[in-house]
Each structure stands twice: as C-alpha cells, then as structure tokens.
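Novice: If you want the building blocks of each chain, they are given just below.
There are 4 protein chains.
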Amino acid sequence: MSNAARFDAAKTLDFVAVGRLCIDLNANEINRPMEETVTFTKYVGGSPANICIGMSRLGLKTAFIGKVANDQMGRFITGYLNKEGIDASGVTVDQSGAVTGLAFTEIKSPTDCSILMYRDNVADLLLEAGEVREELIAATKLLLISGTALAQSPSREAVFQALDYAKKHGAVIAFDLDYRPYTWTSDEETAVYYNLAAEKCDIIIGTREEFDMMERLGNNPGRDDHITAAKWFDHSADIVIIKHGKDGSIAYTKDGASHRARSFPAKVVKTFGAGDSYAAGFLYGLMQGWEISASMEFGSAAACIVISSHSCSDAMPKAPQVHEYIERCLAGEITAASN
Amino acid sequence: MSNAARFDAAKTLDFVAVGRLCIDLNANEINRPMEETVTFTKYVGGSPANICIGMSRLGLKTAFIGKVANDQMGRFITGYLNKEGIDASGVTVDQSGAVTGLAFTEIKSPTDCSILMYRDNVADLLLEAGEVREELIAATKLLLISGTALAQSPSREAVFQALDYAKKHGAVIAFDLDYRPYTWTSDEETAVYYNLAAEKCDIIIGTREEFDMMERLGNNPGRDDHITAAKWFDHSADIVIIKHGKDGSIAYTKDGASHRARSFPAKVVKTFGAGDSYAAGFLYGLMQGWEISASMEFGSAAACIVISSHSCSDAMPKAPQVHEYIERCLAGEITAASN
Amino acid sequence: MSNAARFDAAKTLDFVAVGRLCIDLNANEINRPMEETVTFTKYVGGSPANICIGMSRLGLKTAFIGKVANDQMGRFITGYLNKEGIDASGVTVDQSGAVTGLAFTEIKSPTDCSILMYRDNVADLLLEAGEVREELIAATKLLLISGTALAQSPSREAVFQALDYAKKHGAVIAFDLDYRPYTWTSDEETAVYYNLAAEKCDIIIGTREEFDMMERLGNNPGRDDHITAAKWFDHSADIVIIKHGKDGSIAYTKDGASHRARSFPAKVVKTFGAGDSYAAGFLYGLMQGWEISASMEFGSAAACIVISSHSCSDAMPKAPQVHEYIERCLAGEITAASN
Amino acid sequence: MSNAARFDAAKTLDFVAVGRLCIDLNANEINRPMEETVTFTKYVGGSPANICIGMSRLGLKTAFIGKVANDQMGRFITGYLNKEGIDASGVTVDQSGAVTGLAFTEIKSPTDCSILMYRDNVADLLLEAGEVREELIAATKLLLISGTALAQSPSREAVFQALDYAKKHGAVIAFDLDYRPYTWTSDEETAVYYNLAAEKCDIIIGTREEFDMMERLGNNPGRDDHITAAKWFDHSADIVIIKHGKDGSIAYTKDGASHRARSFPAKVVKTFGAGDSYAAGFLYGLMQGWEISASMEFGSAAACIVISSHSCSDAMPKAPQVHEYIERCLAGEITAASN
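Chains as they are written, first to last, in the UniProt record's numbering: chain A, 1 to 339; chain B, 1 to 339; chain C, 1 to 339; chain D, 1 to 339.
Just chain A, with the same shape it has in the complex (with noise of 0.2 Å):
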C-alpha cells in the first residue's frame, strides 16, 4: 500500500463513525444576520454524521454508533441514515428525555458564518459505554472518533470504549479532532481527554488551533508542525494531518515526511461543511491506496463542492462528481473569481 495506514481487507464493513447526531437549521435567507431570517429548512448534521454521510455518498460500506432523541428529530435522523444506506443498527434511541442538538446556521456572508447552537440535554452525549455495539467495530477497517463526544459523560466514556474495541480488533481509528468550546467546562479537562484519546489514534486530524489546545499540557511555545506530529508518532499515530486554513494543510507521517496537495478554486456560498468533506474525501482515499497527497487532494475538492452549496451533508457528493470537479479545476473552469 502506498500510505501510511493499513486496513484490514478481510473487515465486512469499510468505516464506521461514532459521536454526534444533530439537526442543521439553515437559514434559506442568506447574507443577512439571523435576527432578519424569516425560514429555515432542516438537514442532519454533526461532523462524525456528516463525514459518515460523506464515505457512503462515495461507496463505501458505513456505520453508525451514536444515539438520538426519542422524537421527531431524532426518528427524522435515523430515517435520513437509513436512506443514505448507513447501518443504523448501532444507533440507539434516548428514553430520558434528552432532546436532539440544534445548529441554527448564520450566513452574513461566505466568509462570515456562525452557528448558533442548542446543546443542553441532548441525547447525542447520552451515548454510553455499554450501548457502543462490539460487533460493529469488531466487523469494520476504519473507526471515526470526534473530540465533540468527548466533551461530557457519559458519552465521552462511550468513545474511549469504542477505542478499546478498536484495539482489540485492529481497527485503524482516526480522530477528527472537532473542538467546540461549548459543553467543555475548562481548556485543562479539554486537553486531558483529547491528548488520552489521540495517543490511542492511528491518524489524527485537526486544525493548528487544535493541536494548540491540546498541547497546553506540553512543551511548544513555537508552534510547530514537526514537533506536534512527533509527538503523536511516539504514540500510534501513523498519520498527523495539521490544517492551517487558507494556507493548505500539511500531512505528516512516521517516517519524518510532509505531504502537501493542490487546493482547488470554488463559489463559495458558506464554511460550513467543508472540514467534514475534507475530512471524508481524504478518508476515501486512503482507503483506496492511494498516496496520501492524492487523497489530500481528492478531500480539498470534495469540500469545495460542499461550500458551494447551502447544505452540508445533502451536499456530500459521490466520487465521479469529486473526480469531474478536479478535472474542471485543471481544465480551468472552475475559478474563484467566478464566484
């Protein structure tokens, strides 16, 4: 194999991705702040659910384990898996009370995005431990961890269960590291969770801010690259991708090299999504052997198709649509400036 991570051929399922189920609430009136949105119209969200919607527009055999709200909402997300032919079995239905996460979307502009979020008693932190189904991760090559279900018990118990299945079983585990301030009650707990789950992580990605936050607890007052993906390899990391926004990402391996990808020009009608897409197109390809600039680059055109859109996971495209959208790019046409 041509990259850093080794699946194993002989799993039934391709990728299986546990933590946060919600509700995107768009608004359908964009460049204008929330206060002057009249209608919004609703989408499953949540990175892991996104990024899972996003392996099986690509073809690949998926799984959910997560939890959902005993309502509408939540009947409205597990309906929305089924039909994007996830194996929802591992999803279990909350009977406390709990309610299904919101993300209400602002758009000013494409470059000013915000979200405003309902977190409190949602079921998707209510995951536990004894509710992630064995057989799932025994049965899958890759498992995806997102630090957002780490951010409270008892769903944050769930996903270092899941990380013990992953090890007994050899699945490669890549964590999308996904840090949202709210629902963590101080940076310290942040960054002992997030560094006791990547030590146990084959890949790890996330953006510079990321890594800084868990490296309050070291040493790298510099901020570099070399010396937070070092780190990492001392652990089980195989792979450590470094996102440093509009300069492009960087991808580090064990064996001390640095991979880095075109980036490709897109209309952008929103961020939001685009972490998600990356983050499954990158996945896909690593899955499919190839180089890891590759798959780099493969992950940068799927998330230009998903910033194009107003969605984020109705928008995850299928691979020839990723493959056409690149050709355009080099043919030249698809510019920026088109936007």
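These aren't lab readings, by the way, just hints derived from the structure by calculation.
Some hints here could point you the wrong way.
Because identical chains cannot be distinguished in the list, a pair is counted as satisfied if it fits within a single copy or across any two copies.
Once the Cα atoms are required to be at most 30 Å apart in a straight line, the calculated DSSO-like pairs of lysine-lysine come out as [claimed, not checked]:
1. Lys108 <-> Lys200
2. Lys83 <-> Lys11
3. Lys200 <-> Lys254
In this text, all values refer to a predicted model and were calculated from it rather than measured experimentally.
Fit chains B, C and D to the supplied structure of chain A, relying on the hints for placement.
Specialist: Then chains B, C and D, alone, in the frame of chain A:
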C-alpha cells in the same frame, strides 16, 4: 362598570404581562408528521407574549417583564416587541449563556396538532425577583401572570415578587393557568405553586383539566365548576373562567352568577393560539367595561381568527377585525362547513 | 382563654412539628477552636426536633413529620424520638442515598459559639408533599413549621402542603423563623417563601434580623416592631414575637397590645438551643391557657436551663424543673455572677 | 537494584501523593452498632493521606497534592500534615464552600467493620488540573495516585495531569486502586478511567476484586492473576500486586516472576487502614532497594501494627517499630491467639 373587575383609570399603562418569551418554529408543510417537514417559519411565541401582542394589537398600552437570551433569537424577540409598540424596558438580557425556548409545531391535521419543545436552560425561566421592575407594575391597570413562569426558580420567585408589587399598587391581576407538564418535577409541586399564586389573583382563566390539577390538594371529586370557582372567591378572585373545550367556557363571578357566550365557526388551520387570543379578547372587553358575556364573545371571535391562520403571535387581530368577524358570522358569511 | 391563641380541645394530639431532623456533634473539649478539639458527642438536633422534644418533655402529646437517612444516623434519630415518647409514624426513611444533616459545634467561649454544618444532600430536605400525613395534622391542636424546611424543594412544598392541611383542619399554626443562610440561594428567594408561609400562620416567632430579612419586599426602613407585627395581623397572625437578643423579646397581639416578660440569670455554657427551648416553653404556656407574659417567662427559664448544659435536645427540661428554676431565680439562688 | 522499580536518586523528594484528604470519626465505643455509639474521635484520613503519613513516619521526604475545605476541618488536616513533616505546599484551600469528607467508622467486631461516608460536595474532589504543582512532581522519586480521586471531575483531570507531569519528569508512578463504589456513577465509567490511569503506572496495587472491576472491558473470565498482570506489563507496569485478603498478596514482575511473602499474626481491633499501611511499608521497602518479598513482608508487618490500633493515620509506625514487630513475631512473642 358592568363587570366584576375594577381597573384604576389613573394608571398610565393598561396591561403588563410577565413570563415566557420564546420562538415558535412553525412547519411550513402542514398536514403531515414533523419527520416529513422540511422548512420552518420563525415567530415570537409564549403564551403571555402572545396575549401581550394581542392586547397591543387591540389598541392598549402594554409592557412586558421577562428575560431573553443574549443571542440572535433573543434580539429577534425584543425587536418584535418594539415593532408591536410594546414597552420592552422590563425585558432583561441573560448573561449566563441560556438559550431561547423553542416550540416546533407539528400540524398533522387541524385537530391533531402537537409541539416539540426545547425548554432546557431557557432564558425566560431565569428572570429573577430583583429584575422585576416595580415601576411598570405600579403603572399598570392590569397584570397578567402565566403558569409556565412558576415552573422553576428563579422565575417562580419573580412571579411572586410581581404579585406582591401588584397587590401593593392596586393592579388587577389576571392568571392564565397555561399548565405545561414539562419543566415541572411533580404534581404536588405544581399544585402547591399554582394555588399559592391563584390565591392572590382577581381573574383566573383555565381549562377544567388545569383546575383539576390545582384541586388535587382539596376536595372536589365531582369536578364541580361551582365548587372550583367558590374556593377562589374565598381568596382574592372576582372572576373565574373555566374552559370546557368544544363545550364552551363559563365565567363565574363572586356574586354567584355564571355567564356563557356564543361561539363562532372558523376555518381551522390549527388549534395553537386559541387560548391566548381568547384571553386577550376577553381581558380587552373587560377593560372596555363591557358585560362579561360580551367580553367572552369578543375573546371567542379573536380566537377564531388566530386558529384560521398559520401563526399565533403574528395573527393576533386588531379590534375592527374582531368586530367584523363577529358581524360576518352573524350574517352567516363564515361557517365551519366552508373549512 | 387568656391569650390570643385558640386550641381545639377535641384534638387528640397537642403538637406536631414538621421539618429538620439532624445530628449535633458537640465538641467535648470546650473553650477552644474546633481545630483543637479531638472528641465529639452525638445528639439529635434540628430546631423543630429540639422544640418537639422539649414539648414532649413538658408532658404534651407530640408527633413529628420529617425524613431521615437510611443509615445508622437516621435510625439513631428515630430511636431517640421513640424513646422520648414522640409519635414518629410521620417520619419517612429516604431511599435515595441521602445523608443525615450534621452540625459540629464549636464553643470558643460561652459567647463565641459557631457551627460547622453538613447540609449537602440531606434527607430532611427531601420530605415530599405526598409524604406529609394529613391524619397527624388533622389530629393536632398546634402545628409548628420551621424556616429551614422552606430552603429547598421538595421539602419546601411539603411545608406548604402541611400548612394547607392545618388550615383545612383548624390547627393553630406556629412559625419558628429559624433562618439559616446556607442552603438558600438568594435573599429574594428567601423573602418570597418566608412571606408566603408567614401569611398563613397564627403565631410567628423570630429575631429582629429575621423579620428584617422578610421585609426586604416591603416598607419598614426604621425596622419598627409595630409595623412588622401589624403586617402579619392583616393576614392570619394573632401573636408575633420579635426577639431582640439581650434586650429581651416582645410579643405583639392582634388587639394592639405588646407584652414583655422578665428574664433570668444563667450559668451559660453555650448559646445553642436557647431559641428552641424558649419556643417550647412559650408554646407550652400558651397551650396551658396562661397569660402571654407568663408563657414568655416560662420560655425564658427553659432557655436558661438549656444554655447551662452541654447539649440542646438532651437538656430540654421537664415542667417541674422550669418552675423550680424560676423559683430559685426569684429566691436569688441563681445569678449570672456565679457563672 | 534488586527490585523492578528504578528511582532517580538525584530527586530531592522521595514521595508525593495526590488525592483524598478527609476526616475519620472513629467511634470510641466499639463492638456495637453505630446507632449505639455516643462519642467519636477525630483523625486525618483518606487512603493517600494515610500512605503519605506512613511514608513520612518511615523517614522519607514527602509532600502532598490535594485540596481541603476552608473550615476548621480543613485547617486541622493541613496542621496535621505539617506536624508530621509533610510538605503541604501543594494542598490548596477550596473557596467554593465545599466541605471536608467524613468517614464515621463502625466496629461491630474486629471482622465486622463498616464506614458511613459523607462525600457530597467534598473539597478533595475539587482539585483542579491547574492546581497540580508541577515542581513537586518534578522533584519526586515516586508519585502515588489513588483511585478515589478519579471518581469525579475536576479531580479526575488533576490526576491525569499529575500522571502527565510524572511521565515528563521521570518519576516512578504507583497506583493504589482504592476503589470505593460511592461517587462513581456506573461500572463502565469506573473501568474506563481506572484503565486509562493504570496504563501509565509503574506499580499497581489492588485487590482481586478491584482488578476484576477493571477487566470488565477485557477478557479474563477465569480471573487469572497472570493474565491480569500481563495486560499491564504491555503498558507501563513493572510490578503488579494482587491482594487476596486472608490468602495473602502476590507480586508479579515484568520478568514473569511472582513473589509471595510471609504474613504475621496480629491482635486485630479493626480492619481499617490495613491496605494503606501495607502500601506504605511495601513502597518504603522498594525505595530502600530491598527485594520485593522483603518489601512485602515489611508492608505486612506495618499493616499488623495499624489494625491492632484504634486509628489509621495516627497509628502509622516508624521503621524501628516495624522491624521490632517482625522480630517479635519471629520470636513467637505475638500470636493471633493472644487477641
């Protein structure tokens, strides 16, 4: 005056409501379950908010005492109150990170409507006794309290503080029972605080079921309206309205009389908001010095207008609309059959 | 009867108290800070418990309504009540893992005493409205409530339930304000519930500072005892006792009169328990039909006996002891100088 | 060195413990249920506190990292540590109104002992990661953590922070499992954090039952000690001690060897404190460079001395006492029969 309520003509405000301010998200696609709805329209909601908007539309001088979240939803609410001419100087802004309460409505059919509530960590229940502006209550002829605000501390204490100010300054007090089981922890707790508040009120409006809930402390196994009303006349009440759904409402007065009024046909879209528009219309009638039955009739017609519309707050009628509706009904121009 | 309180002679119980049952751990080594004390002696404590024990010692038929922890401390309390002849059938046992409240006493000097409280997750504050046995209140001449039980739900609702039963069955209601700042969350909350309860009581006993706390809602900047008392005569009260520490207590009655009584010398060990024994002695006197000033005098002598002793509950005197104490004081046999 | 642990001789402190500091209230009247005990004697308690006191008595340079309440109990604890020569500069004082944990002991018979715990809102569980003084851990040869401190946030994160510092600075880490069911919310949560901590420790000491609790995540249905120990040698451990109560303890080392030691007779008063004094004695032996079995023997003798006494902390022996106890046992001067 021809009804039992005595309003102090020297006061500069007609009406002050205290309690819940929230957001209604009404499904645009009706006559289906919420799992299948895709878009929602945003309105100001909450029973006392709706009543206050109704009173303002009817031409009265109004103010609101409550608390909103420090976010786009909160600012939308305050902006709407201002636009409607309601004095919002008594609406404080939460600084603790609370959210705005949400009510997603589901209209499966005109008679099968339900609400999915978001009531965790909501700003309206964080109104504190010290934030209740005495000068607003000192200035008003009529104070309205609503049962939902009694559900939790500190909002519960704020309501008792408001009642204390109203007693001190001679405002007539109306209590819209508005009992919603969520947020209350037990039937005993509910009954205790509803009774403590009702003992101090001049006008009490509720359904038979709401009065049943309050009487679990007492003795009225036959659910006799006269016994129910008589209890409150031993305390502060002058008027007790008991609503029997399709069988209409009955108003009892301290003099031992009971009053009924005509009901009107309507092309029903949904049942939400009927009680709020009824309360606004009835209290408006009382404040005009109308007979109780005439006030009830006006309330019924106002309710018909609201339930024929998609929203609650936004559909609150002006006085001429209500008079016209009554006239058209009497002329046979509006019939339920035309629904 | 020669005092303002009217007790129903047909009732089979003299006295029922509702509220706090806890454990006092009194330092055996006195006149030093608790950092230097080594051993503690265990007693039943809690203001209403002490008063009830006092009433039973004085020869009355008594019962208690409260809740104890399901542990050795809880069983010690119930055993002690039984031993003292108090009907403990209204004392329920918590099943939620709550603990028994503790009060470690520190006696640095006879006039410098303090208490270290353990009040987290205590059983006594978990008494529920549904656990208040109506038949005990129906059977009693006099019900005592205590402010501490108002500090939290569900105990708060249990007190209002008890008041409702007492009103229904014609029991005289005494309110020992017993305000302790811990467990209350704000001054506003405190004042609201103290006032709601006091409005329903026949006899109110408290310190000037406790009445000040209740009057933050009202208008008495000069802290005038007559204004304070008059407010309650507008509600249910017949007798209001305001305690001024060393300056003695004054009883106000609905007829506009005020009453003072002699005080007695004592060899003070500590000040704890003075208020509880005073209340027991005073209420006992009232129930004997004595003049108010004679009742107050009896309360004062009972208090002298308790503060001359190491414990509170265990030192509650029998009636002959109190009479003897008064006689010995009048005969000059007891003087403070002999302390 | 003749045992598996490698201590850095250049460090200026021998031993630092992190975790629980509390108060034991030992019934003075023994051989009866607590319902019948009347007086209690106050001691410093808490497993890591006892071990630290033991290490200091044995002549080592020690320090403690923890948190105490801002009250007389907290000051008593800090004063006692100072008196024992323990560096308490790492003991912070809570400012949030937390209390000191209490343990009332009940000794029905030498073999029937129980504890009544007060663990609500205790200061020791409020130690924060940011309050763990890195310089103390940097300076110590040996760090002890205790399972109780993992039971709740923020103390849980403080322990992981301490482990991170110990790894960074090369301190040997000992983990006294000290599992107490109260304060933990579920078995899954317990197992997750015990495992995450144990993975980072060099010496792990616990009962067979404690290791069973940790293995619910794994596969050891036969409860085989070798399998248990082997798991930890795959992580950081060099020594794993599994205690089998009356059947004695077995130490496993990374080289595949197992070690047993003689046990000694004792005139048992109560069983409390046996584990803490054993741990102190054993760790002391290791730090002297003794063979593992000699260290275990020393621990056993230290335990015998403590269980023959009324207290835990106060009875911790000095080294000559332990040596003398062993000699007297070997000489037949102490026998269990003399109990």
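Novice: If a hint holds in the structure, say so; if it does not, say that too.
Specialist: Here's how the hints hold up against the structure:
1. Taking identical chains as interchangeable, the C-alpha atoms of lysine 108 and lysine 200 are never at most 30 Å apart, the minima being 39 Å within one chain and 48 Å between chains.
2. Taking the closest pair of Cα atoms, lysine 83 and lysine 11 come within 30 Å of each other only inside a single copy of the chain (23 Å); across copies the shortest separation is 62 Å, beyond that limit.
3. In this assembly of identical chains, the alpha carbons of lysine 200 and lysine 254 lie at most 30 Å apart whether taken from the same copy (15 Å) or from different copies (23 Å).
Against the hints set out earlier in the document, a violation occurs for number 1 only.
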